[in-house]
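Number of protein chains: 2
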Amino acid sequence: MQANAPIGVFDSGIGGLTVARALLDLLPEERLVYYGDTAHLPYGDKSEAAIRSYAHGIVAFLREQGCKAVVIACNTASAVAYDSLKSEFPDLPIYNVIDPVVEYVTLGDGEKAVGVIGTRTTIKSDIYRRKIKEIRRLIKVNSMATPLLAPMVEEGFLNNAVSEEVLKEYLWRKPMLKVDQLILGCTHYPLLIDQIRKVISRDIEIVDSAHVVAKKVAVHLESENLLNQKKASLKSAFFLSDYTPVFEANANRFFGEKVTWIERNIW
Amino acid sequence: MQANAPIGVFDSGIGGLTVARALLDLLPEERLVYYGDTAHLPYGDKSEAAIRSYAHGIVAFLREQGCKAVVIACNTASAVAYDSLKSEFPDLPIYNVIDPVVEYVTLGDGEKAVGVIGTRTTIKSDIYRRKIKEIRRLIKVNSMATPLLAPMVEEGFLNNAVSEEVLKEYLWRKPMLKVDQLILGCTHYPLLIDQIRKVISRDIEIVDSAHVVAKKVAVHLESENLLNQKKASLKSAFFLSDYTPVFEANANRFFGEKVTWIERNIW
Chain A
152 MQANAPIGVF DSGIGGLTVA RALLDLLPEE RLVYYGDTAH LPYGDKSEAA
202 IRSYAHGIVA FLREQGCKAV VIACNTASAV AYDSLKSEFP DLPIYNVIDP
252 VVEYVTLGDG EKAVGVIGTR TTIKSDIYRR KIKEIRRLIK VNSMATPLLA
302 PMVEEGFLNN AVSEEVLKEY LWRKPMLKVD QLILGCTHYP LLIDQIRKVI
352 SRDIEIVDSA HVVAKKVAVH LESENLLNQK KASLKSAFFL SDYTPVFEAN
402 ANRFFGEKVT WIERNIW
Chain B
152 MQANAPIGVF DSGIGGLTVA RALLDLLPEE RLVYYGDTAH LPYGDKSEAA
202 IRSYAHGIVA FLREQGCKAV VIACNTASAV AYDSLKSEFP DLPIYNVIDP
252 VVEYVTLGDG EKAVGVIGTR TTIKSDIYRR KIKEIRRLIK VNSMATPLLA
302 PMVEEGFLNN AVSEEVLKEY LWRKPMLKVD QLILGCTHYP LLIDQIRKVI
352 SRDIEIVDSA HVVAKKVAVH LESENLLNQK KASLKSAFFL SDYTPVFEAN
402 ANRFFGEKVT WIERNIW
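Here the protein sequences line up with chains A and B, keeping their order. Count along the first sequence starting at 1, add 151, and that's the number in my numbering. Count along the second sequence starting at 1, add 151, and that's the number in my numbering.
Fair warning: there could be bad hints in the mix.
Just so you know, same-sequence chains aren't split out, so a pair can sit in one copy or run between any two.
[Said to hold, decoys possible] Derived pair list, reagent style SDA-like, types lysine to any residue, alpha-carbon separation capped at 20 Å:
no. : residue 1 : residue 2
1   : Lys386    : Ala156
2   : Lys386    : Arg415
3   : Lys325    : Asn311
4   : Lys275    : Pro396
Calculated from the structure, these hints are not laboratory results.
Modelling step: build the complete structure from the supplied sequences, incorporating the hints.
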């Protein structure tokens with residue numbers, strides 16, 4: 152692997168851009184190759200076999216693009232496709248969005264309660280609870296599906312009366328009232344973090360997976376001597392499998408700057 | 152066709168149950184066979200070819216079940232698959248959820264403004280505007296995508312602070328402020344009708360496609376002597392392609408009574 156090669160990032164759509172943003176904020180010398188699999192979104196509705204097959208196609212494409220590492224910036228694909236990607240691409244460092252968060256919240260000792268919010272698919276998979284309990288059995292994990300949050304964010308309802316009411320409706324429910332940390336278990340949710348903090352109004356830690364994952368990638372690539380030593384000369388590239396204008400408008404909001412998309416059907 | 156045969160109704164999921172409800176309320180002697188294609192929902196994300204292929208499989212199944220007529224209780228499938236279903240099944244009366252509504256709002260004469268709300272796919276297809284304009288050019292049609300409403304209804308956020316804020320956010324936008332009639336262009340929306348009326352607060356007519364379509368079906372089947380003359384002895388049957396407990400809980404709310412589902416993969 153070349154240290155000056157790009158880092159691949161993929162998601163079923165737009166959410167992974169929060170991870171891409173966090174990566175570039177932390178590692179401004181790096182170049183990304185992003186793939187949003189908009190033709191198949193939402194992954195949450197698809198079978199595990201289908202998601203695995205999409206993910207394999209995408210990682211093969213990212214490797215062809217010369218990527219030195221790949222970040223699965225999607226909870227559903229992380230839950231379902233990580234193991235098979237690791238065995239299919241044994242030489243490529245691959246990161247998912249779940250393990251770094253589990254590792255982070257299980258640091259230290261003592262009892263505590265951790266809340267997890269995510270899509271119906273992610274919460275139903277129970278993956279956060281299982282992985283946290285494997286490491287620290289005494290941590291109480293309160294999971295709750297919050298399926299309206301992702302479409303709400305995609306609709307641009309942020310920091311307004313709608314998002315406030317929706318967040319209150321979810322976060323003032325009993326399982327969330329006594330948690331010490333809250334995991335944002337969906338890559339759409341970092342856009343809501345300020346308002347989530349305001350609605351919760353207690354002083355708890357909100358664990359934004361985009362940042363935790365970016366840190367994990369930075370530390371690991373550094374230890375492997377795979378970080379770019381000078382600013383990449385090429386700009387990051389953004390591919391998607393099905394272009395729509397709505398997606399483009401949303402993408403700019405998620406990424407915090409204008410994104411130029413290239414449509415590329417890789418199947 | 153036998154008058155005592157059932158009426159087939161299908162949708163990608165749950166929304167069509169509002170049409171099923173309206174049909175049984177209007178025609179209590181009838182028996183329905185409902186098919187919810189939950190394995191492929193949401194149709195809005197799928198290609199036209201894929202939706203047509205699903206719809207053909209479902210109508211073939213409904214005909215095997217002995218249905219005397221079929222209602223496409225889904226806007227996306229109505230827009231995309233109606234013509235090909237008509238030519239594939241020429242002897243079967245087939246109804247869609249769009250034409251009866253277009254026919255209804257274009258009755259009479261004079262200028263007026265009609266609002267249409269629906270999913271992103273339905274509004275993007277521009278089908279209501281095109282069909283209305285074909286019949287009465289002077290009707291002004293203001294369409295607006297309201298993509299958060301369907302997931303909101305599926306989440307059970309009805310008549311609460313969330314649904315009020317979301318409806319205000321949409322319905323107080325300029326294109327909706329001066330309409331004389333409002334078409335609910337999605338079979339999920341009848342569950343919101345009371346709150347929509349409250350949020351609009353002007354005295355306009357809200358056109359609930361479930362009721363308009365049920366009336367159309369009733370009038371047409373009557374004219375063909377295809378209405379059941381005495382109460383059906385069998386109960387209505389409800390099939391779906393992929394069972395989940397969440398779907399079942401939602402379905403009861405949409406249908407207004409408990410539904411017993413049979414999982415049947417017809418592909």
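Right, here's what the structure says about each hint:
1. Proximity of Lys386 and Ala156 under a CA criterion of 20 Å is satisfied intra-copy only: 12 Å inside one chain copy versus 64 Å between copies.
2. For the homomeric pair Lys386 and Arg415, the shortest alpha-carbon distance inside one copy (18 Å) is at most 20 Å, but the shortest distance between copies (50 Å) is not.
3. Proximity of Lys325 and Asn311 under a CA criterion of 20 Å is satisfied inter-copy only: 18 Å between copies versus 24 Å inside one chain copy.
4. For the homomeric pair Lys275 and Pro396, the shortest alpha-carbon distance between copies (11 Å) is at most 20 Å, but the shortest distance inside one copy (32 Å) is not.
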